[in-house]
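**Student:** Given next are the chains, with one letter for each unit.
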Amino acid sequence: DAMVIQNPRYQVTQFGKPVTLSCSQTLNHNVMYWYQQKSSQAPKLLFHYYDKDFNNEADTPDNFQSRRPNTSFCFLDIRSPGLGDAAMYLCATSRERNYQPQHFGDGTRLSIL
Amino acid sequence: QKEVEQNSGPLSVPEGAIASLNCTYSDRGSQSFFWYRQYSGKSPELIMFIYSNGDKEDGRFTAQLNKASQYVSLLIRDSQPSDSATYLCAVNEVTGGGNKLTFGTGTQLKVEL
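Note that the protein sequences, when read in sequence, are chains A and B. 6 is the number of the first residue of the first sequence in my numbering; add one for each residue after it. 16 is the number of the first residue of the second sequence in my numbering; add one for each residue after it.
These aren't lab readings, by the way, just hints derived from the structure by calculation. A quick note: this is a predicted structure, and the numbers were derived from the prediction, not measured. There's no promise every hint is true.
Unchecked claim - Quick partial rundown of chain B residues pointing at chain A, CB under 10 Å, derived from the structure:
| hint | residue |
| --- | --- |
| 1 | Ser23 |
| 2 | Pro29 |
| 3 | Gly31 |
| 4 | Ser35 |
| 5 | Arg43 |
| 6 | Ser58 |
| 7 | Tyr66 |
Stated by the list, open to error - Chain A is nowhere near these chain B residues, computed Cβ spacing over 12 Å in every case:
| hint | residue |
| --- | --- |
| 8 | Gln21 |
| 9 | Glu60 |
| 10 | Leu61 |
| 11 | Asp70 |
| 12 | Gln95 |
| 13 | Thr117 |
| 14 | Leu128 |
Heads up, the beta-carbon is just placed ideally off N, CA and C, and yes, glycines get one too.
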């Protein structure tokens with residue numbers, strides 16, 4: 006089945022140690038998104054790509070960066086994770102930059118020691 | 016600041032009853048509206064989307080939209096214990112790089128035997 010795949014499902018890292026989360030999609034969608042979701046909160050958009058065009062949200066900390074080397078893959082890099090960055094990170098895709106639905110992967114739960 | 020408001024619940028309904036979930040939004044220019052189901056510890060799963068005023072039905076689910084009142088709802092008929100989850104309302108904002116979803120914090124639904 007076509008889908009959005011996130012790896013790993015669970016990631017544990019140390020305070021300040023860089024970490025990379027991965028997302029791949031077989032939907033051939035043009036737009037890929039990264040969200041952060043903390044317990045009992047709404048998903049919060051960090052940034053998104055339309056094809057190779059990167060769009061950062063104004064309140065996304067500089068500590069968070071992203072790469073999209075090709076249509077299928079997108080990475081979330083956290084340069085120096087702090088305790089406040091522990092959360093579920095969700096990758097989503099949509100076909101085009103219009104009103105179409107977004108489809109989510111299973112998420113990566115990040116813990117900081 | 017665009018806002019999406021939902022009652023956090025929990026909303027408890029007996030098995031077989033109709034569950035009614037409500038959502039209001041602040042941006043009159045919003046054009047598309049989505050309902051996602053999220054089980055504890057899992058990622059959001061798209062349930063319904065609606066673009067036009069009125070009702071849209073899909074199986075046991077009906078989405079209702081009233082743009083004049085800035086109100087969208089989700090009805091779940093014949094509620095089952097497996098419907099117990101948090102339901103997220105999301106409203107679309109089209110930006111230069113893609114469609115951005117603003118999520119509510121979700122309503123927790125409990126379907127009791």
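**Student:** Identify every previously stated hint that the structure contradicts and give their numbers, smallest first.
**Tutor:** Hints 2, 3, 4, 5, 8, 9, 10 and 13 contradicted; others consistent.
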